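S.K.: Protein chains in written order, with the numbering used here: chain A, 1 to 187; chain B, 1 to 187.
If you're looking for bench data, these hints aren't it; they were derived computationally from the structure. In this text the structure is predicted, and so the values were computed from the model without any measurement. Errors might be hidden in some of the hints.
Any copy will do: because identical chains look the same in the list, a pair fits if it lies in one copy or spans two.
Stated by the list, open to error - 25 Å max Cα-Cα, derived PhoX-like pairs, lysine-lysine:
#1 Lys-19 x Lys-79
#2 Lys-28 x Lys-8
#3 Lys-28 x Lys-141
#4 Lys-86 x Lys-18
#5 Lys-147 x Lys-68
#6 Lys-185 x Lys-8
#7 Lys-107 x Lys-141
Number of protein chains: 2
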Amino acid sequence: MNLYDLMKNRRSTREFLKKEFPVEIVQKILNAGSYAPSGADQKPYVFIIIDDLSLKEKIRKNCVNVDKDFFNKSPDWFKNWMVGKKISLEKDFLIDAPFLVIVAGDKDKPYWLESTWLSIAYILLAAENEGVSTLTYTPSKVDFINKLLKIPLNFEPVVILPFGFCKEKPRKKNLINKDKIFFNKYQ
Amino acid sequence: MNLYDLMKNRRSTREFLKKEFPVEIVQKILNAGSYAPSGADQKPYVFIIIDDLSLKEKIRKNCVNVDKDFFNKSPDWFKNWMVGKKISLEKDFLIDAPFLVIVAGDKDKPYWLESTWLSIAYILLAAENEGVSTLTYTPSKVDFINKLLKIPLNFEPVVILPFGFCKEKPRKKNLINKDKIFFNKYQ
């Protein structure tokens, strides 16, 4: 396994096969999240694995509601990007993927959001390493997740990661970023 | 190379050898940062590589000033953590490491902070893959970096990554996080 190939081959996935797999693989992937560094070693996050179908459906309905509002108020460039990517507002991936993982960060910890997203990146690569596809999907409002899953209010859900096997691997993205690297000053 | 070994072996490093290496390795590491997914594919960040010694010294002095203030006002648990880790307030790593990389995120882009930290995680793993050590160091105030490096104010510097060879590899950390994984609800 070449690290750079793993990074390049990983793609965000919105279409999943309804194919089950053992929860132990999800746990292995999430364990990799705790290998990431975090502010003052606080690991300011929890992971909630969801496989209950009625719960997944409640989450999907809530996401559809909050995101339709958000989409309608979005700038044109964002709407065009969504349409260009053929991203449906129905969020079927929240039902089709056998597992959802909610990652919630503890807002009372230093650098909680930064640390949580370092951990999420490790999880993305671990998933690819296990042949599992996912997506970093954040609904435009998240307080309904606290209520549904009884998450204390000091924790903010920052992402829903559906885990499953993708229907069709999206093609590789354009990875050039030479225009983003500068020397000793900006530009 | 095993991905999980790479993740576990990577350690935050604060003591660097004054040993030079080619800038091309830094560029290769930063390129890996652009392989990470980002909100609406916007890649909302820039990387500024610094090898100019007088500039590194100016950065170090500013960091020492802002962080001494911050440390004095910090809660006891944080002071004790700093002392326990033998973390000096003099920040010699900002001089000793041959390269510093400032990562700045574009605050006008959606999910800019989240996307930037996904990219930073990819960079941490790429550095370990190249045998280069680093640290995610964020000074408690960052506006002096915008001034010094002429970075537009819509970009916020979110981290300084020193790149170099570590004096002594810190021992492995405790990686257990079983108490962080829940099923279908919190706890």
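S.K.: Within, between, both or neither: how does the pair Lys-19, Lys-79 come out at a Cα-Cα threshold of 25 Å?
M.R.: Neither: 31 Å inside a chain and 49 Å across chains, both beyond 25 Å.
S.K.: When no copy is named, should Lys-107 and Lys-141 be tagged within, between, both, or neither for a Cα gap of at most 25 Å?
M.R.: Cα proximity of Lys-107 and Lys-141: in one copy and across copies (16 Å, 19 Å).
S.K.: For Lys-28 and Lys-141, with the copy left unspecified, which applies at a CA distance of at most 25 Å: within, between, both, or neither?
M.R.: neither (29 Å within a copy, 37 Å between copies)
S.K.: How would you label the pair Lys-28, Lys-8 (within, between, both, or neither) given a Cα cut-off of 25 Å?
M.R.: For Lys-28 and Lys-8, the Cα distance is within 25 Å both inside one copy (21 Å) and across copies (14 Å).
S.K.: Given identical chains, is Lys-86 near Lys-18, meaning Cα to Cα at most 25 Å, within a copy, between copies, both, or neither?
M.R.: For Lys-86 and Lys-18, the Cα distance is within 25 Å only inside one copy (20 Å; across copies 51 Å).
S.K.: First find the shortest C-alpha distance between Lys-185 and Lys-8 inside one copy, then the shortest across copies, and answer within, between, both or neither for a cut-off of 25 Å.
M.R.: Cα proximity of Lys-185 and Lys-8: none, with 29 Å in one copy and 34 Å across.
S.K.: Are the CA atoms of Lys-147 and Lys-68 at most 25 Å apart within a copy, between copies, both, or neither?
M.R.: Within one copy only: 20 Å inside, 41 Å across.
The earlier numbered hints that this structure contradicts are 1, 3, 6.
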